[in-house]
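Order-wise, the sequence lines are chains P and B.
Everything in the first sequence is counted per this note's numbering, starting at 1 for the first residue and increasing by one.
Everything in the second sequence is counted per this note's numbering, starting at 1001 for the first residue and increasing by one.
Simulated from the structure, these hints should not be mistaken for laboratory data.
Accuracy of the hints is not assured; some may be wrong.
Here's a subset of chain P near chain B, in silico, CB distances under 7 Å, partners left out [said to hold, decoys possible]: (1) Asp61; (2) Leu88; (3) Gly95.
Glycine included, C-beta positions come from ideal geometry on N, C-alpha and C.
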Amino acid sequence: MSASTTTEAPDTTTAVKPKLKTSAMIASFADPGQKTAPAPFGHALVRAAEEDPRIVGLTADLGKYTDMHIFARAFPDRFFQMGMAEQLLFGAAAGMAETGLVPFASTYAVFAARRAYDFLCLDIAEPGLNVNIVGGLPGLTTGYGPSHQATEDIAIFRGMPNLTIVDPCDSLDIEQAVPQLAASEGPTYLRLLRGNVPTVLDEYDYTFELGRAKELRPGRDVLFISSGLMTMRALQAAEELAAHHVDVAVLHSPTIKPFDNDTVLRELGKDRLVVTLENHTEVGGLFETVAGVAVRQGAGRRIVPIALPDRFLDAGALPTLHEKYGLSRNRIVQTVLDELA
Amino acid sequence: MTPTSTPTTTQNRDTGTADFGTRIGRVEAAAYRARHYALNMGEVQGQGYVGQALGSADMFAAVYADQLRYRPEDPLWEDRDRFLLSTGHYAIGHYAALADAGIIPVDELDTYGSDDSRLPMSGMASYTPGMEISGGSLGHGLGVAVGMALGLRLKGSPSRIFNFLSDGELDEGSTWEAAMGAHHHQLGHLTALVDMNALQADGATRSVLSIEPAADKWASFGWYTQRVDGNDAASLLAALDNITRDAGITGRPSVILCDTKVGKGVPLLEEREKAHFMRIEEHEWQICREQLTTGHDGKAAR
Chain P
1 MSASTTTEAP DTTTAVKPKL KTSAMIASFA DPGQKTAPAP FGHALVRAAE
51 EDPRIVGLTA DLGKYTDMHI FARAFPDRFF QMGMAEQLLF GAAAGMAETG
101 LVPFASTYAV FAARRAYDFL CLDIAEPGLN VNIVGGLPGL TTGYGPSHQA
151 TEDIAIFRGM PNLTIVDPCD SLDIEQAVPQ LAASEGPTYL RLLRGNVPTV
201 LDEYDYTFEL GRAKELRPGR DVLFISSGLM TMRALQAAEE LAAHHVDVAV
251 LHSPTIKPFD NDTVLRELGK DRLVVTLENH TEVGGLFETV AGVAVRQGAG
301 RRIVPIALPD RFLDAGALPT LHEKYGLSRN RIVQTVLDEL A
Chain B
1001 MTPTSTPTTT QNRDTGTADF GTRIGRVEAA AYRARHYALN MGEVQGQGYV
1051 GQALGSADMF AAVYADQLRY RPEDPLWEDR DRFLLSTGHY AIGHYAALAD
1101 AGIIPVDELD TYGSDDSRLP MSGMASYTPG MEISGGSLGH GLGVAVGMAL
1151 GLRLKGSPSR IFNFLSDGEL DEGSTWEAAM GAHHHQLGHL TALVDMNALQ
1201 ADGATRSVLS IEPAADKWAS FGWYTQRVDG NDAASLLAAL DNITRDAGIT
1251 GRPSVILCDT KVGKGVPLLE EREKAHFMRI EEHEWQICRE QLTTGHDGKA
1301 AR
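Given these sequences and hints, build the entire structure.
Here is the structure:
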């Protein structure tokens, strides 16, 4: 455990020993009792593949853990197990795309970004192939520790020309994104939420549109710009802040690249506290994307980042870690109230 | 090139009908022409991977002049055999073979490595007709070849896939990931050709990272493995024939380890110390061409 954090871990020395929380790799960030959908990526890929015979699936020994097993069961002849060999995974996906197929290749985000970058870059992105990379455990979605926490995957991938980056919020986002990723010509990277994934956006008048940011709720006092699972937290925090008489707008931007500059600039132009929320290090992700848009257009202004710190994170239970690193609803609300004070 | 309504080249697949001696002559002649092209390109730049181009010319010729099915006027013909240059820095040798095959005009070789040329010094798929993948970073080709082999098989294509790599690429772990994958997926229509020139950037391969016994390694990965004199057309063709006869049936991927000599065919360059990236003086190019011709004529007359 690192020594200095803004919020300390729960006190475990009290007389009544609390139930131990798991740091298991397979953990859920869904709130207790929250509506979820099972394996939305796997099922969406099956539906897309029924429509498009070009779609094939590959994985690097993580089919069961990236919901690819759903596809493998439905289309055994169109599924390819590449073994724990990420360089082969992406090289082979490129080769398949060269023959006219549309591969979805899954592994954990850490392995895609850190281990096989050269293969994504030279084999897939440079020739602009329609290969869709699916990275499990993005950001802080496992308590397993830095080996599996892809806290910097967006920062790594934003520098890659041609690559579209999508950070979906929930099951609905994923279901709607998959066919659009397959239909888009170039390579894409999907930050995968897997297992029982919360369903949140069905409560809003929302559809996923590749490359577009969408306002989920209007608000006069504060503008949240969020991506990924942090949109869910942004919406929860906005509800709670309403009780504090703070009116919060939430702008969900699931496509990090190409970024919806126009919509974001338009919203930045209104006189509100601007807060970005992302499940990613504050280096090189959504915050810096928004800041870059603002500065390029001369809209210099203060923007508050809610993001993971520029550190290797602790292992532990996800709720504990989200609280510790400022991603929980409570911490978001507190951050906003402090800013407005 | 004259566009015609019927394909002008799918001729290389007469391997079962042509006389073996005829095939050898065809390959040797193609290799000789390709070495000339490589020297001419090298002269344009004054430098380059000329030694590798000379050393591997017989390998390129054996594939392009004997094995590959392609249409020079339609490099993207769906049913073509694929030739993947994993070692992008061998592009000079590949361009020579592509010119000899009629896929790029011979005149265009003069633009090698120049501004706005379709023939950059490292092989790039988006630049050059007939170049299937971009190389330069090593250890990429075989993985892409595995995917192409899987994709073509899924589509019911009869195409074969040839992947050219170098002994230096055997250092790369990704090459062995792909070797395992090719065997696991039973890619009998995939053939790897490894230029075993015993040289890499920092010096002799054996001093950089030992890869021997290379043939044992490939065989233990399940590949149909042969090791031949890569500068001998008869040996190369015999090895390729063995693959057609044996490996395709068993479903095993095949590898031919080709022992070659950097600078082959030009004694002046064969003896050069710093052979990985050669600098050749202005007055030497003509000497090189003369030595090449003398050697070829001597061989033809033997």
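Hints not upheld, ascending by number: 1
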